[in-house]
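Go by the hints and put chain B with the ligand onto chain A.
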Amino acid sequence: MSAPLTIISDQRYLQHDTGGGEHPEIPARLQAVSQALEASPYFSDLTFVPPHVAEREWLVKAHTEDWLFRFEEAVLAGRTYIDHTDNQICYDSYDIACLSAGAGLTGIDLIEEEKARNVFCLVRPPGHHAEHNIPFGFCFFNNCVVAARYWQHCYGKKRILIFDFDGHHGNGIQSAFEDEAAGYYISIHEHPSFSYPGTGYGDEHGLGEGKGTILNLPLSPGGGDDQVVKLLQETILPKLNEWQPDAIIIAAGFDAHREDEMTGLHYSTELYHTIGLVIRDWAEQFTEGRILSILEGGYELSVLGDSVEAYVRGLLGK
Amino acid sequence: MYISRHMTGEPITVSSAMLLPEARALLNDYQFRHLPVVDENGILLGMLTDRDLRSAYPSSVLSNSERQLVYEKVEKTTVAEIMSTDCVTLGPNSTLDDALFLFDRDQMGALPVLDEERVVGVFSIRDLTTAYKNLFGVGEKGSILIGIVDDGSPGIMTRIVTLLEEQQIPFTRLLRICGKSDGDTIYLRINTFKIAKVYALLEEEGLTVKRA
Ligand SMILES: [Zn+2]
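Here the protein sequences come in this chain order: A and B.
Count the first sequence with my numbering and you get residues 1 to 318, in order.
Count the second sequence with my numbering and you get residues 1 to 212, in order.
Do not rely on the hints blindly, as some may be mistaken.
[Unchecked claim] Covered by chain A, per the in silico footprint, the following chain B stretches (three or more residues, Cβ under 8 Å):
id, stretch
1, 69 to 78
2, 186 to 196
[As the list claims (entries may be wrong)] On the chain A side, residues computed to face chain B include the following (Cβ under 7 Å):
id, residue
3, A77
4, Y81
5, D83
6, T85
7, F136
8, G137
9, N171
10, P197
11, T199
12, E261
Rather than coming from a laboratory, the hints here were simulated on the basis of the structure.
Quantities reported herein were computed from a predicted structural model and do not represent experimental measurements.
Idealized CB from N, CA, C, for every residue including glycine.
Chain A extracted, bound-state conformation (with noise of 0.2 Å):
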């Protein structure tokens, strides 16, 4: 019998230091995380698990030697940021990044094993935007995709659906999947006229054999609840119903949060507890209720914790 969540996280997710000033996604977030699920009435039912680091075998199926070797060496030389000053990085944050990228695959192996059926991976630095070869909006390996590429490799996953409520696009799961039939990327994000990283156009529904994969659901600024409640019901549970996944990674963000300012989205800390039941369901219906989600963004710390807390009551079916 396993447990009614699995939470995967560790204290050394806070090591990845991004230089303090004001970078928004620092170790508060995890902390703000921790303690609005003590203080939940269901922190009883919560289980957690320290991830393993993933190992450079299942890295790179996600992303090129050639990143690595740069990104590694950049922290050895004591460097402060990679490529962009918002990718900001300490002496610890590849390390970091390996055991961020490694909660998906500790949560795979207990999905698999049937140790655990509803996982999630409260994890930092976030994974999203960083492509295959660099990195991009705080982001260095794309835990989502490392995910996806382990279940098809190691348990034959074929039809793999990743859907991302973050506010912003995930342009680095967009890239990794775009081209190929096995795996399907719907997010619902800020418009890309408004919103980072620029990408996520509403007509990009995938390339070649991966036509028909990707599902761009943008949102003008000042986007809400309501929208998002009317996507998921009437346009994103007819594809799944067509699509039937046979696995299910969530890229939770709470960054569209109406109080966060890293965008313009205005969603409400309940649509979060929404967004959890609805995604329960569609586990239910496809996966025997098996659903790994990990997390992205999310900068507000006064609404962050609460806002977590309620999707994991919605993942709980309460």
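Relative to the frame of chain A, chain B with the ligand by itself:
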């Protein structure tokens, strides 16, 4: 800005004696919509478009027997009979702007590029949009375009650039546009995640950001 850097070079061409079924197969195979028609020296004689071909083939509203007649005729028709001969052309020294004006004026889908009279390339609307997309950085990962009200105050450009450089905010495009309906605007393509911070910095500097 020369189109020779953006065109499709050494394009597939056809002879004027080619029969329509063969030309149609070529267009289908290569998913082109425009073929230059040339003589044995590569000199332009005309352009053949998928629209010219479609109108040569029988319409679906015809009866079967009528369609058969048209088909038989098409099988024997040469490219020379349906190509357009009064072609607007570009030269190797034409610029993107020249092409934009021509496309805008003539509503064409593609133009042949000639060196002397020989066909050396085809430049399509698609090539044009790609070139301008690159020029303005549309869809460039990690960047967005923001607008600042241009109040015409002296030194406003310097203030913007100095602020961005001091704050180490990378930017790749700076456009100053006099807008008839929208007012005068300075557009800036910034490359950073921290868009709200950039807005705040610009506003602290006394500039007005045109928010969505
Ligand atoms: Zn985000």
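Practice item. Identify every previously stated hint that the structure contradicts and give their numbers, smallest first. Key: Going through the list in order, the structure violates hints 1, 3, 4 and 5 and respects the others.
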